[in-house]
Amino acid sequence: MSGPGDIVITGCGAVCAAGRSVAEIWQAVQQGRTAVGDIASWDASRWPARRAAEVRGVDNRTLVADRKLHKLISRTDLFGLYAADQAIANSGLAAYRDALPPEQQARFNDRTGVFAGSGGGNYRSNYDFFPLLTAAGGDLQTFGRELSSHVNPMWLLQILPNNVVCHVGIRHNFKGTNACITNQAVGGLLAVAEAAAALRAGEADRAVAVGHDTPCEPETVLHYHRLGLMSADTVRPFDRDRDGTVFGEGAAAVVLETRGAAQARQARVLGEVLGAGCVTEAAGIVEVRPDGDGLSRATSLALAEAGLPPEAVGMVVAHGNGTRASDASEAAALHRVFGDALPPVTAFKWAFGHLIAASGVLDLVLVLAALQAGAVPGIASLRNPDPALAPLPVSVAPQRPRSRVALVLCRGFGAMNVAMMVRAGDTTPMG
Amino acid sequence: MNSSQRRVAITGLGLVTPVGNDVPTTWAALVAGRSGVAQIRTFDARGFPVRIGAEVKGFEAEALIPDRKLLKFATRSHRFALAAAEEALRDAGVRPCPATGARWGLSVGAGMMGVAFEELESVHACCGRTGEFQPDALVSPDFPADPVAFCRSQTNAGLALLARHFGIRGYATAVHTACASGGQALGTALKVMRRGVVDFMLAGGYDSMLNPVGLSAFCLLGALSTDNETPERASRPFDATRNGFVLGEGAGFLVLEDWAAARRRGARIYAELAGDGNSLSSYRITDSHPSGDGPIQAMQQALADAGLTPAQVDYVNAHGTSTPMNDRSECAALRAVFGPHLDRLVVSSTKSCTGHLIAAAGAVEAAVCALAIRDGIAPVNANHTQPDPDCNVPLVLGVSQRRPLRVVLSNSLGFGGSNSSLVFRHPEEVTCR
Numbered sequence: 001m002s003g004p005g006d007i008v009i010t011g012c013g014a015v016c017a018a019g020r021s022v023a024e025i026w027q028a029v030q031q032g033r034t035a036v037g038d039i040a041s042w043d044a045s046r047w048p049a050r051r052a053a054e055v056r057g058v059d060n061r062t063l064v065a066d067r068k069l070h071k072l073i074s075r076t077d078l079f080g081l082y083a084a085d086q087a088i089a090n091s092g093l094a095a096y097r098d099a100l101p102p103e104q105q106a107r108f109n110d111r112t113g114v115f116a117g118s119g120g121g122n123y124r125s126n127y128d129f130f131p132l133l134t135a136a137g138g139d140l141q142t143f144g145r146e147l148s149s150h151v152n153p154m155w156l157l158q159i160l161p162n163n164v165v166c167h168v169g170i171r172h173n174f175k176g177t178n179a180c181i182t183n184q185a186v187g188g189l190l191a192v193a194e195a196a197a198a199l200r201a202g203e204a205d206r207a208v209a210v211g212h213d214t215p216c217e218p219e220t221v222l223h224y225h226r227l228g229l230m231s232a233d234t235v236r237p238f239d240r241d242r243d244g245t246v247f248g249e250g251a252a253a254v255v256l257e258t259r260g261a262a263q264a265r266q267a268r269v270l271g272e273v274l275g276a277g278c279v280t281e282a283a284g285i286v287e288v289r290p291d292g293d294g295l296s297r298a299t300s301l302a303l304a305e306a307g308l309p310p311e312a313v314g315m316v317v318a319h320g321n322g323t324r325a326s327d328a329s330e331a332a333a334l335h336r337v338f339g340d341a342l343p344p345v346t347a348f349k350w351a352f353g354h355l356i357a358a359s360g361v362l363d364l365v366l367v368l369a370a371l372q373a374g375a376v377p378g379i380a381s382l383r384n385p386d387p388a389l390a391p392l393p394v395s396v397a398p399q400r401p402r403s404r405v406a407l408v409l410c411r412g413f414g415a416m417n418v419a420m421m422v423r424a425g426d427t428t429p430m431g
Numbered sequence: 001m002n003s004s005q006r007r008v009a010i011t012g013l014g015l016v017t018p019v020g021n022d023v024p025t026t027w028a029a030l031v032a033g034r035s036g037v038a039q040i041r042t043f044d045a046r047g048f049p050v051r052i053g054a055e056v057k058g059f060e061a062e063a064l065i066p067d068r069k070l071l072k073f074a075t076r077s078h079r080f081a082l083a084a085a086e087e088a089l090r091d092a093g094v095r096p097c098p099a100t101g102a103r104w105g106l107s108v109g110a111g112m113m114g115v116a117f118e119e120l121e122s123v124h125a126c127c128g129r130t131g132e133f134q135p136d137a138l139v140s141p142d143f144p145a146d147p148v149a150f151c152r153s154q155t156n157a158g159l160a161l162l163a164r165h166f167g168i169r170g171y172a173t174a175v176h177t178a179c180a181s182g183g184q185a186l187g188t189a190l191k192v193m194r195r196g197v198v199d200f201m202l203a204g205g206y207d208s209m210l211n212p213v214g215l216s217a218f219c220l221l222g223a224l225s226t227d228n229e230t231p232e233r234a235s236r237p238f239d240a241t242r243n244g245f246v247l248g249e250g251a252g253f254l255v256l257e258d259w260a261a262a263r264r265r266g267a268r269i270y271a272e273l274a275g276d277g278n279s280l281s282s283y284r285i286t287d288s289h290p291s292g293d294g295p296i297q298a299m300q301q302a303l304a305d306a307g308l309t310p311a312q313v314d315y316v317n318a319h320g321t322s323t324p325m326n327d328r329s330e331c332a333a334l335r336a337v338f339g340p341h342l343d344r345l346v347v348s349s350t351k352s353c354t355g356h357l358i359a360a361a362g363a364v365e366a367a368v369c370a371l372a373i374r375d376g377i378a379p380v381n382a383n384h385t386q387p388d389p390d391c392n393v394p395l396v397l398g399v400s401q402r403r404p405l406r407v408v409l410s411n412s413l414g415f416g417g418s419n420s421s422l423v424f425r426h427p428e429e430v431t432c433r
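Protein chains in written order, with the numbering used here: chain A, 1 to 431; chain B, 1 to 433.
Chain A extracted, bound-state conformation:
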């Protein structure tokens, strides 16, 4: 089938602790190198949880050259813009547009969408009010009077969750349909799913979709730890001794186009979004159901939209965040969907931590590389696959995909589950 029904991926970009491009990150994953280490952005030596995969040695000017922006937006936004710029450059989209006659450029821009999954609120930015709170000494009238002497007048702009949508638009002059999804860890992959749906519905011809987040900050680490979600060491997806997740940070982005739009400009096709499913289990804010109900339903919806049976799935990139409950229920969902005919399963968070809102998009760009290479990378941190989750085809050693189709799974607070089916394209996303 051709026309808007087919949604292809023509550009990829990523940055995280494991590298500053899809190629670098893919190499780290293939070589079994982890970027998880001791937290360095504050002195966490006395902390009960002190591990993360932080992006080091990348200053803000490396991420975004425009220094004016550094005062207007947060580091999570800079990551998002960096990944988006990379994906757009990788796709050749802006260069193609700029060569069009002016009257066609306006139409091109109006038909180009921008979608982001944003981590949204954080604790850190509120600390900008600490000097004011100290000066006010508990008196709100003083707080109000002294306000402008202590807080940056642009403070609200810095914390807007939709900064990446706004500035991808301004930087590239894209003006089409858009969304900023603030749905915790599924936000990024849901942004890709919504972009694909918008293209399928004819609302745009192409779209940039980005996930970005910087979850690693003291209060969040503390609360995750208290809830039993933070590992003392590293992410060991589906391991008998897994003890939680660790945070990563960064962003990943894709450019999606209708098959027709991509063909019109003879774009390289890196992959195809075949279908997606999104459901909640209605279990609460941090709770998950043990039976895998939500994830199996999301997967069934993604298979149905792709028009494919479970046997067509060549490999699974699991969410695999390394927490006791999520991994167990994820295995239960895989058993529900695939019975005893499970394709090879892997998960990537051991390499660069959990990027929360960016996690699903990062997994997506990496699975395109994996399918292209014909290799399911191993889980390097795996020591003893949890027998309680067996049979589950996970291993330290690489496996071979059964086909050129992959299933990407993503879960988040709110008992959210998103599944996406993708097929490998003709070329690698590293080009």
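It should be emphasised that the hints constitute simulated quantities derived from the structure, not laboratory data. Some clues are possibly wrong.
Claimed, not checked - So, partial list: chain B residues that the calculated Cβ filter (under 8 Å) puts toward chain A: (1) 133; (2) 170; (3) 269.
Glycine is no exception: its CB is placed at the ideal position from the N, C-alpha and C atoms.
Chain B: place on chain A using the hints.
This is chain B only, laid out in the frame that chain A set:
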């Protein structure tokens, strides 16, 4: 519109707003042009440059949501959301049950503030007394780490509470494009309905930034009206003397369902949610283009999506924030889209009474459009006394206007340049296929 496209009916409404804690009270106030703006009472704002706001008054979530454990996990804006959603479901006469929950979806425009001021104060007292944040104090035994407060602060906590409380197990999303959030949440709901993955959507928005940090944020930007002595008149969209918006809070929710199914069950249909348009201004972060570029495309797309022409529109519920730039730019956009027909329709901004509900605004105004269609009343653009030549659009002035409203359009234009337009159609205008 695509002729095979699924038609979507609005069958339930719920509102918690500065002018009323339910639909009948809110709508009566808007028709009468009663302002919800007053001196801020929920905290001591006397030292702030702006001391007025549009607060929700006398609100108790417990009456509608008798689940004290759930409410512990709810911020002020989540409580507004739960109450408005409950009212909307009761109004629709249908609600999710274990057998149907997976065929219900949820789409919300969620406010951006998850941390209550008292929680920030307690972190400051423990880790920030010098003015600098001291992370190590967090792991001292004195720090009152509250897991419930952490859960409340998550970006999708409101979504999670709504799903859990009402048993919604299908598609679920939370969006935030600042002041366009509520409109985009409704637009997303319409698209999800059309994709056929659900049969019902509970869709809406909720927000409360009326706290010391939220008020500070807008004061610092100089975005708010400083008419502290005349709060009821402070929000006057399109008036020549307008000087900023009034910060409000609240929630609005709508129940959407398949048109034919709603007819079959004998549901009362307020209106068809007929079209969605969505664009990005890509101009500046807080300003829209003076020419109206951006909102123009959103309105045109929404009308095209509904299969309608500009000449069929009877009433526009404008974004109309009462800031100098927004109102001028929106009027330029209206002129560009409607041309000479603009003088045959009417325009008003109900923010003249409610203030600006930020992420909730578009959803509340969608409910207002449904009520306007039901009663054939275009609500008044209150507080307008001095015409602005740059805002030369036919406003509903003085009193609300009774007139048949067949097609209504609502705009929501956000910081960051996201623009959302929604089109609503009178049920009698819908020919059943």
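Do the hints match the structure? See the list:
no.: 1; hint: 133; result: holds, 4 Å
no.: 2; hint: 170; result: holds, 6 Å
no.: 3; hint: 269; result: violated, 24 Å
In summary, the structure is inconsistent with hint 3 from the numbered list given earlier, while agreeing with all the others.
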